[in-house]
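Please put together the full structure from these sequences, using the hints given.
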Amino acid sequence: MSALTLQFTQAGLDALMTATQRGFKGKISHMAFGDSDYTPDKTQTALKGEKERVAIADTDYSDGEGSSLKIAGKFDAPIEYPIREIGVFIESPNYSGEGEPELILLGVYSKPNTTLGYRTPDVKVLQWLTLSLAQLPSESVEVKVGVDNLNLIVDRELADMTLVQLNTMQRQIEQELRLVALEQA
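In the working numbering, the protein residues as written are 2 to 186.
Source of the hints: derived by calculation from the structure; they are not laboratory data.
What you were told as hints is all true, and nothing was included just to trick you.
Capping the alpha-carbon separation at 16 Å, the derived lysine to aspartate or glutamate pairs in EDC-like fashion look like this:
#1 71 with 61
#2 52 with 36
#3 145 with 101
#4 71 with 59
Listed next, with one range per pair, are the computed distances between beta-carbon atoms:
#5 181 with 131: 51 to 57 Å
#6 22 with 44: 19 to 25 Å
#7 133 with 166: 38 to 44 Å
#8 123 with 166: 28 to 34 Å
#9 6 with 127: 18 to 24 Å
#10 114 with 136: 24 to 30 Å
#11 167 with 119: 38 to 44 Å
#12 94 with 170: 49 to 55 Å
#13 51 with 166: 41 to 47 Å
#14 135 with 167: 44 to 50 Å
C-beta: ideal position from N, C-alpha, C; glycine also.
Below, the structure written as structure tokens:
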């Protein structure tokens, strides 16, 4: 996917500029996969064949200068389709009837006759994207990480490693106490 570039949408840029003029940053909050392949257009307001939309699970301002941003989404629905388009969404200042912010398509990755990946029901996809922010006003975006962020993914593994380390330390202390008792006898 390195040859693809994000096509920013006019609706997304307008929402970003509105937020900036009000003194806020645009909040990148969701990522979506779809199964249509095409040349993205600036006038788009939705993916053409959206299949899944998830909250951003993690972020990394990797270069320290604010000109690029890495975001990740965890796709784990039990569905199957070819991934041919990826959308990035920002929150609107407007709210839906359920009290949730409306989402506006900020940009799209897609290319005619190109499959970016394949989703199967048995495989969870953790998709990282690097967004170039050079075309956007400085300090105009931030990332809103969802509740199920990647820190939660490693909880089980971290707990297992911690338990192993504590058991090892306990055995070492017991061994040291036996050694001290033998030296005193």
